[in-house]
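Input sequences plus hints: build the corresponding full structure.
In order, the protein sequence lines correspond to chains A and B.
Residue numbers are given in numbering that gives the first Met the number 0: position 94 of the first sequence equals residue 93, and the series is strictly consecutive.
Residue numbers are given in numbering that gives the first Met the number 0: position 72 of the second sequence equals residue 71, and the series is strictly consecutive.
Simulated from the structure, these hints should not be mistaken for lab results.
Treat the hints loosely; a few may be bogus.
[As the list claims (entries may be wrong)] Derived lysine to any residue pairs resembling SDA-like cross-links, with alpha carbons at most 20 Å apart:
hint : chain 1 : residue 1 : chain 2 : residue 2
1    : A       : 2         : B       : 4
2    : B       : 3         : A       : 4
3    : B       : 141       : B       : 23
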Amino acid sequence: MIKARQISVEVNGKTFKRDVEPRKLLVHFLRNDLNLTGTHIGCIEGKCGACTVLFNGESVKSCLMLAVQADGASIRTVEGLAEEGQLSDLQLAFSEKHGLQCGYCTPGMLLASHALLKKNSKPNDDEIKRALSGNLCRCTGYQGIIEAVAKIAAKAKL
Amino acid sequence: MFPKEFEYYAPESLNEALSLLATMGEQAKILAGGQSLIPLMKYRLVETPAIIDVNRIRELASISEDAIGGLAIGALTRHVTIENSSLIKAKCPVLAQAASLIGDAHIRNRGTIGGSVAHMDPAADYLPVLAALDCNVEVAGKGGTRKVSWKDFFLGMFSTALQPSEMVTRITIPREKVSKRGAYLKLARSSGDFSIAGVASVIDISPDGVCAQASIGVGAVEDKPRRSAKAESALVGKRLDLDCIRRASEVAGSEFRGFTDMHATAEYRRSLVRVLTRRTLERAAGIHL
Chain A
0 MIKARQISVE VNGKTFKRDV EPRKLLVHFL RNDLNLTGTH IGCIEGKCGA
50 CTVLFNGESV KSCLMLAVQA DGASIRTVEG LAEEGQLSDL QLAFSEKHGL
100 QCGYCTPGML LASHALLKKN SKPNDDEIKR ALSGNLCRCT GYQGIIEAVA
150 KIAAKAKL
Chain B
0 MFPKEFEYYA PESLNEALSL LATMGEQAKI LAGGQSLIPL MKYRLVETPA
50 IIDVNRIREL ASISEDAIGG LAIGALTRHV TIENSSLIKA KCPVLAQAAS
100 LIGDAHIRNR GTIGGSVAHM DPAADYLPVL AALDCNVEVA GKGGTRKVSW
150 KDFFLGMFST ALQPSEMVTR ITIPREKVSK RGAYLKLARS SGDFSIAGVA
200 SVIDISPDGV CAQASIGVGA VEDKPRRSAK AESALVGKRL DLDCIRRASE
250 VAGSEFRGFT DMHATAEYRR SLVRVLTRRT LERAAGIHL
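What follows is the structure in structure tokens.
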């Protein structure tokens, strides 16, 4: 029986200290240990991107990381996008442009888009597609998602 | 779908990592980006008693140019860093191109060049580029450090010259192969997939307009990266026009057998080598339409 390790992780601005087995995946830690079920598990293989979170500001697939690797790190999940209960501009744009239907891929799409906009506030459509190529959607056909991000990009141009 | 139990170590220095490796040898696996290792462990295709997480060894992440113009890239350097490095884009852009085509943005944020090299997936994007650039792989272990040429390092599918107590520390590109005139192209079924075929062409043109050097690295069509020596000799000493390139690419297309799997037949792979050789040579020579 492998001993659990204590980790200290900041998630959406709050610090959590927990004991975890080394083999626990980050996505399971977020969902099961912290009850942040907004991060979804789509394929568990690392291909679909539904598990995307921000790790020290960069988008990563949380099913491809161990919770122990997050010791000392700062993580943002979809629950950390709305400020004071108000949906962010990006979230509102997704809603307005029908960038979601079932919503399963949406947290991953939002965080991947958020990460893109932090690096490049005015991406063109090609740059948006490239940034989101690691996030699969079975419902929307992607057009609404691209338009949502493009809307935020257009606002930045003004 | 989670890994079998393992002990976990997160050394903060290279020496600490090497001393763990010296003790544990084959009983431990190195975790760098984890974008290949963790999926394998989740499928339980890899089971290991211990993981040595090297992500906290900052000294292993670096990109530098030596006094005579050779390039050195630390094993822990992430694909996204190589993709965006102003030094690499200026001096040896073909490597940045390859990095930019690996997987997707999330994979590139975590994946490392050292991990890719040590894993030796025949379809990995860096491999034909590193073959074309005649790179050396620096390795550290119980016996000290050693420098292994790419040919002696990449042995076969998922097989390298790494000994149980060793880890990759740096990848170096010799000055003579660092070139602005290079291009890498791959064909994959969809974005983010591993290649069905990948070709890197790196050339050097002498002041009188003649091809002084040509390196054509071919990946994903055999069990390890290859160089298309016959196509290379068809180019050296010639003026590179579209005809000359087309003929050389036909040589490249018949130089390797390729293999058939669920993604493509050997015949299609050979055909891809021909087309990708032509396109990358045209881009490297600056004459693509």
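Hint by hint, here is what the structure shows:
Proposed proximity of residue 2/A and residue 4/B is supported: the alpha carbons are some 10 Å apart, at most 20 Å. In summary, the hint linking residue 3/B to residue 4/A is supported, as the alpha carbons are separated by about 16 Å, within the 20 Å threshold. With a CA separation close to 11 Å, the supplied pair residue 141/B and residue 23/B stays within the 20 Å bound.
The structure agrees with every numbered hint stated previously.
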